[in-house]
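Residue numbers (the numbering used here), protein chains in the order written: chain A, 1 to 108; chain B, 1 to 108.
Hints are computed from structural coordinates only; laboratory data are not their basis.
Remember, predicted model here, so these are calculated numbers, not experimental data.
Fair warning: there could be bad hints in the mix.
Note that the list lumps identical chains together, so a pair holds whenever it fits in one copy or between two copies.
As the list claims (entries may be wrong) - Listed below are the simulated EDC-like cross-link pairs for lysine to aspartate or glutamate, each with C-alpha atoms no more than 20 Å apart in a straight line:
{"no.": "1", "residue 1": "78", "residue 2": "9"}
{"no.": "2", "residue 1": "78", "residue 2": "8"}
{"no.": "3", "residue 1": "33", "residue 2": "21"}
{"no.": "4", "residue 1": "33", "residue 2": "18"}
{"no.": "5", "residue 1": "33", "residue 2": "51"}
{"no.": "6", "residue 1": "52", "residue 2": "21"}
{"no.": "7", "residue 1": "5", "residue 2": "96"}
{"no.": "8", "residue 1": "33", "residue 2": "9"}
{"no.": "9", "residue 1": "78", "residue 2": "68"}
{"no.": "10", "residue 1": "33", "residue 2": "86"}
{"no.": "11", "residue 1": "5", "residue 2": "72"}
{"no.": "12", "residue 1": "52", "residue 2": "68"}
{"no.": "13", "residue 1": "52", "residue 2": "30"}
Protein chains: 2
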Amino acid sequence: MIDEKATEELARLRRSIDNIDAALVHLLAERFKCTQQVGALKALTGMPPADKNRERDQIARLRTLATDAGLDPVLAEKFLAFVIAEVIHHHERIAEASNAASGRSRQT
Amino acid sequence: MIDEKATEELARLRRSIDNIDAALVHLLAERFKCTQQVGALKALTGMPPADKNRERDQIARLRTLATDAGLDPVLAEKFLAFVIAEVIHHHERIAEASNAASGRSRQT
């Protein structure tokens with residue numbers, strides 16, 4: 001009987017986790033749309049892909065938000081580091097593609 | 001002039017990124033509330049912290065959601081792997097604490 005109740009409770013919690021994950025994926029999609037625009041803008045104007053001051057401000061802000069929301073601030077910082085690493089990797093690819101394209105146009 | 005416009009555009013995009021990040025942190029806080037309950041339930045009933053079938057289903061579902069939302073499915077999978085690793089680490093700590101507590105109660 002305890003096992004059946006535990007299984008039901010686990011299924012209930014997993015349905016909530018699935019709903020939250022769907023929301024997270026959709027927000028991440030919007031976030032990457034924004035950072036793709038940032039990447040294109042940086043490549044166009046020659047700004048470097050990474051910006052340490054911006055990252056420091058983001059980390060400080062997210063740690064505070066996390067603490068207020070009852071989330072371990074270390075986890076929020078790790079999450080942001082993961083997302084920023086993906087974004088910078090993407091910006092570098094955009095910059096490389098942009099350089100390669102301008103190299104090709106100079107050669108022709 | 002182009003630089004001023006680019007700086008303004010960058011600031012505009014960063015304000016959107018900051019709003020999205022605040023939403024992501026709050027959703028992550030809710031997600032970890034759910035997984036903390038899952039961890040406590042698993043520790044109580046002796047279920048193992050990790051569940052490979054569940055993870056496989058989650059990955060397949062999030063990859064589909066990501067593709068529909070215009071997000072790279074590889075990135076969604078990496079994101080889920082990051083979150084699941086944190087959760088399992090947390091479940092293991094709960095299970096260890098629970099075992100240590102029951103060990104202490106047997107000794108007394």
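Going down the list of hints, with the structure as the test:
no., hint, verdict
1, 78 <-> 9, "neither (29 Å within a copy, 27 Å between copies)"
2, 78 <-> 8, "neither (32 Å within a copy, 29 Å between copies)"
3, 33 <-> 21, "both (18 Å within a copy, 13 Å between copies)"
4, 33 <-> 18, "between (23 Å within a copy, 13 Å between copies)"
5, 33 <-> 51, "within (18 Å within a copy, 33 Å between copies)"
6, 52 <-> 21, "between (29 Å within a copy, 17 Å between copies)"
7, 5 <-> 96, "neither (55 Å within a copy, 23 Å between copies)"
8, 33 <-> 9, "between (37 Å within a copy, 14 Å between copies)"
9, 78 <-> 68, "within (17 Å within a copy, 27 Å between copies)"
10, 33 <-> 86, "within (13 Å within a copy, 26 Å between copies)"
11, 5 <-> 72, "neither (29 Å within a copy, 38 Å between copies)"
12, 52 <-> 68, "neither (25 Å within a copy, 33 Å between copies)"
13, 52 <-> 30, "neither (23 Å within a copy, 29 Å between copies)"
Checked against the numbered hints given earlier, the structure breaks hints 1, 2, 7, 11, 12 and 13 and satisfies all the rest.
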